[in-house]
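**Q** Listed here are the chains, written in short residue letters.
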Amino acid sequence: MDVSRTVKYESELDKGFGQRVMQHSGCPKISECLQCGTCSSTCPVSLYMDYTPRKLMAMVKAGFKDEALRSHTIWLCSSCYSCTVMCPAQIKITDVMYSLKRMAIEEGIYPKRFPTPVLAQAMADIISRNGRNSEMGVVMEMCLKTNPMGLLKMAPMGMALLQRGRMEIKDFFHRDKIKNRKQLQALVKGLKVKEAV
Amino acid sequence: MKTYGYYPGCSVRSTSKAYEKSLLGVFKALNLELKELNDWNCCGATAYFGVDKDMAMAVSGRNLALAEQQKLDALVAPCAGCYLTLKKANEYLKDHPGDHINKTMDRVDLHYSGKVRIRHPLEVLTTDAGVKAIAAAVKRPLKGWKVASYYGCQMVRPYMDMDDPYDPQIMDHVMEALGAEPVDYPYKTRCCGGSLTGTVEEVGQRLVYMLFNEMEKHGANAVATACPLCHFNLDAYQSKVIDRFSKGFDQAKGKKLEPIPILHFTQIIGYALGMEPKQLGFSDLMTRPTRLVAAS
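Residue numbers (the working numbering), protein chains in the order written: chain A, -1 to 195; chain B, 10 to 305.
It should be emphasised that the hints constitute simulated quantities derived from the structure, not laboratory data.
Cβ atoms here follow ideal geometry from the backbone N, Cα and C, with glycine treated the same way.
Treat the hints with caution; some may be incorrect.
[Unchecked claim] Not the full set, but computed from the structure, chain A residues with beta-carbon under 8 angstroms of chain B:
1. Ser29
2. Val83
3. Asn131
4. Gly163
Okay, chain A solo, but in the shape it has when bound (with noise of 0.2 angstroms):
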C-alpha cells in the first residue's frame, strides 16, 4: 500500500493564481464568492465533474492551480450558463470556465487525450484557415486523436445521416471556405502582435 500525503502544504500553493484568474477572466468577482454550491447543484454535469463548479472558484481563489488546470471539470462545462444567471455573487462562473480552458492550453496541461479540448482546438483551428468549420472535419480529427475506435462505432449514425441527405459524401473531402481569407489572415497576425510585446 502506497501512502502519501493527501494535503497540501500552504507554502506549496501558487498564491497569485486566483489574482491571475480574475484579471484574464475579466471577473473580479471570484473573491466574492461565498461557497453557497447553487452553482454546483444548478449544473446539468457537476456530478460528473472530478472538483464541482464550488469547489473549482473555492480552489482557484486559494491558489490551486495545477489541480484547477488539470481538472475534467473545465472541459465537462457545456456552457450552458445556468451558474452564471443563478451565482448571487454575479460570478461569470462560465466565463471563468473559459480561462481556465485556455490557461491550460497555454500550459500544455490539458488533458491530450480527452475528446473536449482536442475537438475545441480542431474547430479553432480549421475556422482561423478557411473561415468555415467543418463538422465532419473536426469529427474527423478528434476520433484519430483520442479514440481511432470511435470512428466505427460512428457509421450506423452516419449512414443514416447520408440516407437523408444530411451528410454528403463530398463532406469528406470537400472544405467549405470564405472568399476574402487573406482578411481573416491578417486579422490572426495583427492579433497575435500583442503577444511578442
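Place chain B on chain A using the hints.
**A** Just chain B now, with coordinates in the frame of chain A:
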C-alpha cells in the same frame, strides 16, 4: 416587406438543412425577408472561447463589421450557439472601444461601430410578425399534436432579454396558436449536452435521455427545437439513447420510452401554415411525424 440580415451558420448548411428550408419558407409566408450576410465566417461557437478569446471575439466581430458594411442593421441567427456567440462579441466590442481587438479589426478594414442587433428567428416571428398574425395564417390546425417546446440553454442564457431563463413561454404560445397542445415539463431549458453527446458520451447522452424522460412523462408526442445542435442531439441520438438508458431508472414504471418526432420549430409552423412536408424537409428527420401528419 421587412428585410433582415441573415446569418445561417454552419449547421443549417450541413446536418440541419431542413431547418433553413423551413425557416426561409415560414419567413416568406409571413412577409419577412432574409438577406444572407455576404462572405460570413463561422462564429466559433463555445469552442473558440476556450482556446483564444481575442480570436473568438474577432471572428464574430468580422461578421458584425461585414453586416454594417452591407447596411444590415440586424442579423438573424437560427442557431442558438451562433446567436449567443455573436451577441457576446457584440457586447464585448461595444464595451471596449479602441482596445486591441477593435484596433486590429480597424486595421484590416473591419471597423465596427456597434450598430448591429443580433436576433433569433423565434423572437423575430413572435415580436415583429406576432403570435396573432401566425394564428391568423394557420391553414392546418395541429389537432392531436402534443408539443414539448425545448428551448435549450444558449437562447435564453446568459442574455435574458428574450424570455425567462428557466421557464420561457414564447415557443409554447406559438404552438398553441397553431392549434397544438403545448406540453409543460420541467427541463425546458436544461442543457442537451451540446457537443458532449459525441465527445463524452456517457455524460452528453445521459442528459438527452433525461430530457426525453420528462417530455414523454408529461405526455408529449412531438418536440419543437430552436437550435440545430439541440435538434441533432435529440433527433439523431434518440434511438441510441433510449436503448442505452431505458433499462435504468425507467424500468420501475415498466415502460420503455418510444421514439417521438423531433422537429425544428419552423417545420411545425410551416406545416400548420399549409406547406407540404416535402418543402419542410420532414423526410430528413430520423423519426418522421407520420402519425401526426395523417391525423391533421
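**Q** Now tell me if each hint is right for this structure.
**A** To see whether the hints hold, each was checked on the structure:
1. Ser29: Hint violated; serine 29 of chain A Cβ to chain B Cβ min 20 angstroms, cut 8 angstroms.
2. Val83: holds, 5 angstroms
3. Asn131: The hint holds - asparagine 131 of chain A has a Cβ within 8 angstroms of chain B, the shortest such distance being about 4 angstroms.
4. Gly163: holds, 7 angstroms
Of the numbered hints stated above, the single one contradicted by the structure is hint 1.
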